[in-house]
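Participant: Residue numbers (the working numbering), protein chains in the order written: chain A, 102 to 567; chain B, 102 to 567.
There may be inaccurate statements among the hints.
Said to hold, decoys possible - Stretch by stretch, here's where chain B covers chain A in the computed footprint (C-beta under 8 angstroms, at least three residues):
{"no.": "1", "stretch": "235-246"}
{"no.": "2", "stretch": "268-281"}
{"no.": "3", "stretch": "543-549"}
No lab work stands behind these hints, which were simulated from the structure alone. For glycine and all other residues, C-beta sits at the position ideal for the given N, C-alpha and C.
Protein chains: 2
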Amino acid sequence: MSRLFKASGILSFCFFLIPVFVFTQEENQNQDALFIKEIHREALSHGFGYEVLRHITQDVGHRLAGSEGAAAAVEYTKQVMQDEGLEVRLQECEVPRWVRGEPSEVRIVNSEQIGTKLLNSLALGNTISTPKTGLTAPIVEVTSLDEVDKLGSTLQGKIVFYNRPADVTQYRTFNAYGGAVDQRVFGASRAAKYGAIGVIVRSINPALDDIPHTGSCVYTDPTQQIPAIAISTNDAVLLSALNKRETIKINMISHGRMLTPTISYNVIGEIRGSEFPDEIILVGGHLDSWDVGEGAHDDGTGCAHAIDVLHILRKLNYQPKRTIRCVMFMNEENGLKGALAYQEASDANGEFHLAAIESDSGGFTPRGFSCDADSEVFAKYFQKMTQWNNLLEPYYISLEKGGSGADINPLKSQKGMLIGLRPDSQRYFDYHHTSTDTFDKVNRRELELGSAAMASLVFLIDKYGL
Amino acid sequence: MSRLFKASGILSFCFFLIPVFVFTQEENQNQDALFIKEIHREALSHGFGYEVLRHITQDVGHRLAGSEGAAAAVEYTKQVMQDEGLEVRLQECEVPRWVRGEPSEVRIVNSEQIGTKLLNSLALGNTISTPKTGLTAPIVEVTSLDEVDKLGSTLQGKIVFYNRPADVTQYRTFNAYGGAVDQRVFGASRAAKYGAIGVIVRSINPALDDIPHTGSCVYTDPTQQIPAIAISTNDAVLLSALNKRETIKINMISHGRMLTPTISYNVIGEIRGSEFPDEIILVGGHLDSWDVGEGAHDDGTGCAHAIDVLHILRKLNYQPKRTIRCVMFMNEENGLKGALAYQEASDANGEFHLAAIESDSGGFTPRGFSCDADSEVFAKYFQKMTQWNNLLEPYYISLEKGGSGADINPLKSQKGMLIGLRPDSQRYFDYHHTSTDTFDKVNRRELELGSAAMASLVFLIDKYGL
Chain A
102 MSRLFKASGI LSFCFFLIPV FVFTQEENQN QDALFIKEIH REALSHGFGY
152 EVLRHITQDV GHRLAGSEGA AAAVEYTKQV MQDEGLEVRL QECEVPRWVR
202 GEPSEVRIVN SEQIGTKLLN SLALGNTIST PKTGLTAPIV EVTSLDEVDK
252 LGSTLQGKIV FYNRPADVTQ YRTFNAYGGA VDQRVFGASR AAKYGAIGVI
302 VRSINPALDD IPHTGSCVYT DPTQQIPAIA ISTNDAVLLS ALNKRETIKI
352 NMISHGRMLT PTISYNVIGE IRGSEFPDEI ILVGGHLDSW DVGEGAHDDG
402 TGCAHAIDVL HILRKLNYQP KRTIRCVMFM NEENGLKGAL AYQEASDANG
452 EFHLAAIESD SGGFTPRGFS CDADSEVFAK YFQKMTQWNN LLEPYYISLE
502 KGGSGADINP LKSQKGMLIG LRPDSQRYFD YHHTSTDTFD KVNRRELELG
552 SAAMASLVFL IDKYGL
Chain B
102 MSRLFKASGI LSFCFFLIPV FVFTQEENQN QDALFIKEIH REALSHGFGY
152 EVLRHITQDV GHRLAGSEGA AAAVEYTKQV MQDEGLEVRL QECEVPRWVR
202 GEPSEVRIVN SEQIGTKLLN SLALGNTIST PKTGLTAPIV EVTSLDEVDK
252 LGSTLQGKIV FYNRPADVTQ YRTFNAYGGA VDQRVFGASR AAKYGAIGVI
302 VRSINPALDD IPHTGSCVYT DPTQQIPAIA ISTNDAVLLS ALNKRETIKI
352 NMISHGRMLT PTISYNVIGE IRGSEFPDEI ILVGGHLDSW DVGEGAHDDG
402 TGCAHAIDVL HILRKLNYQP KRTIRCVMFM NEENGLKGAL AYQEASDANG
452 EFHLAAIESD SGGFTPRGFS CDADSEVFAK YFQKMTQWNN LLEPYYISLE
502 KGGSGADINP LKSQKGMLIG LRPDSQRYFD YHHTSTDTFD KVNRRELELG
552 SAAMASLVFL IDKYGL
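Excised from the complex, chain A in its bound form:
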């Protein structure tokens, strides 16, 4: 065989192959596009996820780990998954049990400018109580943990007032939140170190309003615990302005206390894969919420999304090749005990999560997915996923590198892809950890498009692998 012949042989081989390949790929793309369209049609029609959300929020209500609400949510979602024909099990985890008690109070006392004023406040999660009549002391305003370190022992006997705003000018509100939340999480511990008797924290939301936001504070040293209460952003602005002209003294009352831990559960339901049952694709949200409002966007919508994904695929008679598992994690808000129990058991059983997708950023119109993996596998997996961009673009879904979700993050060592649903974030922190995070704040279509986005990605990962 001459070289020329060989070359033309390869050439003609290619001519035969390439068009067939291109055609098949195109055909697949067309089929996939049609199926993703069907997913969206189904999601926007049936109202299933919206009804799940309605029950979790309006009937069950808020559901802090260890509470009656959390137990009711476990029972309800277990039943829903069983009704959906999934293999369902409860996974035990020991969770902290914090109770708020009576509402907190933060009161400006003896101001020369305005006299006495009760502020809009909400005790931070995990906080300890004050004495019944509260603590009364002058405030020292700071804008960072570092500033507390610098002030050091001058804080002895004082109440530290953390007042660094979440930056309203950030496009992504989660970045604004991330840039301020250290004050809420570590503020009490840092101030306690220097003898402060309590902390007041400006609510971690970019808007100026009257709604106080709770959220976890963490006592890094169990021997140095001081009470911590959030005040609304408007009241933080007021307090700061007053404090510039005279030293303001406040009285703060918290009734929060930590009870003994109790047993709760992750709720797990799955469809076993027909070809690769050992490759798990997880969809999840967290079932617990803070103990105010109804935990709608945080994270009732995530739970509704995850259950809705399975419902949509079942309605479309989709038979997965891989195991699709729906997980309602317990105790994301103040301990992550469910997530840790899940990961430990999964590792112990030698499981492999090819992908885990968490929805824990609200039930707003989806804008994309944020992807994270061990650096060795990220590039390969992510490149594969970006081949699906043209299938997702009609729904304005983009893929980007970034964090995934608190509950799935411990699975990173399994070297699959961790993925967070990224809905539009503009309204999220209007409601986050407040009494206003209720069912009526969720738009049905926006919620359903989140389910559809997740179901579309699950379908593609299941069909093609990573």
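For this one, chain A is given, so just place chain B on it according to the hints.
Facilitator: Just chain B, lined up with the frame of chain A:
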């Protein structure tokens, strides 16, 4: 000179040129990215557009062309533009003056199944009155204008009930709206042709709810006018279900009437360009609204956006090369008389709108711009614009081909680019043309990001032309 020499000469010429060009382009891109970031920071900080919206909606209220509200909105926006230092003028236009009168009524009479029931109704804009006691007749349900043609003279003396839903499964709700709105616009005229005495139209919104939506109906033949009233989607479903088991008779009452036309105004303010004053970049919305609710998303937000664009650029001390003109159009809802007056005057003055950007799709988080132009110029202009994609992507703004806006559409013959802001559309038709389209339905951040998106595009078009 040998060919080789020539070629290498060109080559070395390129080597010198390309890096310099790339560097300059990169530097420009960096500067542009920074300025667009500043635009977003400014938009999210100052609250100016939100206050304009508050005034237009809460203080002025609804403002149908020819109404007191419309006149107040003209005065207010003129004042705001003057305060912003723009060259301001009012542009006269003669507008129709329709009044609703007392609320409409649509009542099921004598149903064997449910007896009598008052439905949630709202007369369509431009409709004529019924006699005071209303019209009573059996209904004939149809789902299209074609079906009316087929039924022909059997409709004599009947009330036609248009009941084709806006398709809830469409991702883009404007497509769902577009697929159903012919019933509202032309339903009465078509049915009148065959002797029907009135029409009831299912509200043109995809969701099932109890809120009736108004909007214009057009009498194509002035000698054949019959009254037209919208009912809520839930009531349309009910009416249809009842009508399947017995012929339902309804009584419909409308008090709508058209008065003599009156004079109103477009409000126009501009900054003259320093280098190319004859190239106009228009930003606009329409000042009029339907006569229910507060016309917040339709189109108070568009007016706020347009004024905010000028405010943002002024705050950033931006000196435009081209003329940037802000236009509050009058009478988009039921006549487009303002838009037509504007175009006629513009053509008569030999003006050239290089670009016109209208915001008339709500004040939700922006997702992109939809671009339209005469086919000769579209490709060239659009290609130039897509070079800015990487500057807009950080804000999830994409450019696409499509319609622009009703008020700027008449400018197409000037062969510039017509552009519509495309916010997320999921919630738009929850409020569109209803009593619920009020200020509180607008999220401040979402509104401000719309202003920022428009200001960013205006900046790029002004800096680089098209």
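Participant: Against each hint, give a clear statement of whether it holds in the structure.
Facilitator: Verification of the supplied hints:
1. For the stretch 235-246 of chain A, the stated coverage by chain B is violated: 0 residues have a C-beta nearer than 8 angstroms to a C-beta of that chain, whereas at least 3 were required.
2. Against chain B, the stretch 268-281 of chain A contributes 5 residues with a C-beta closer than 8 angstroms to a partner C-beta. That satisfies the three-residue criterion, and the hint holds.
3. Given a C-beta distance limit of less than 8 angstroms, the hint that chain B covers the stretch 543-549 of chain A holds, as 4 residues qualify and 3 suffice.
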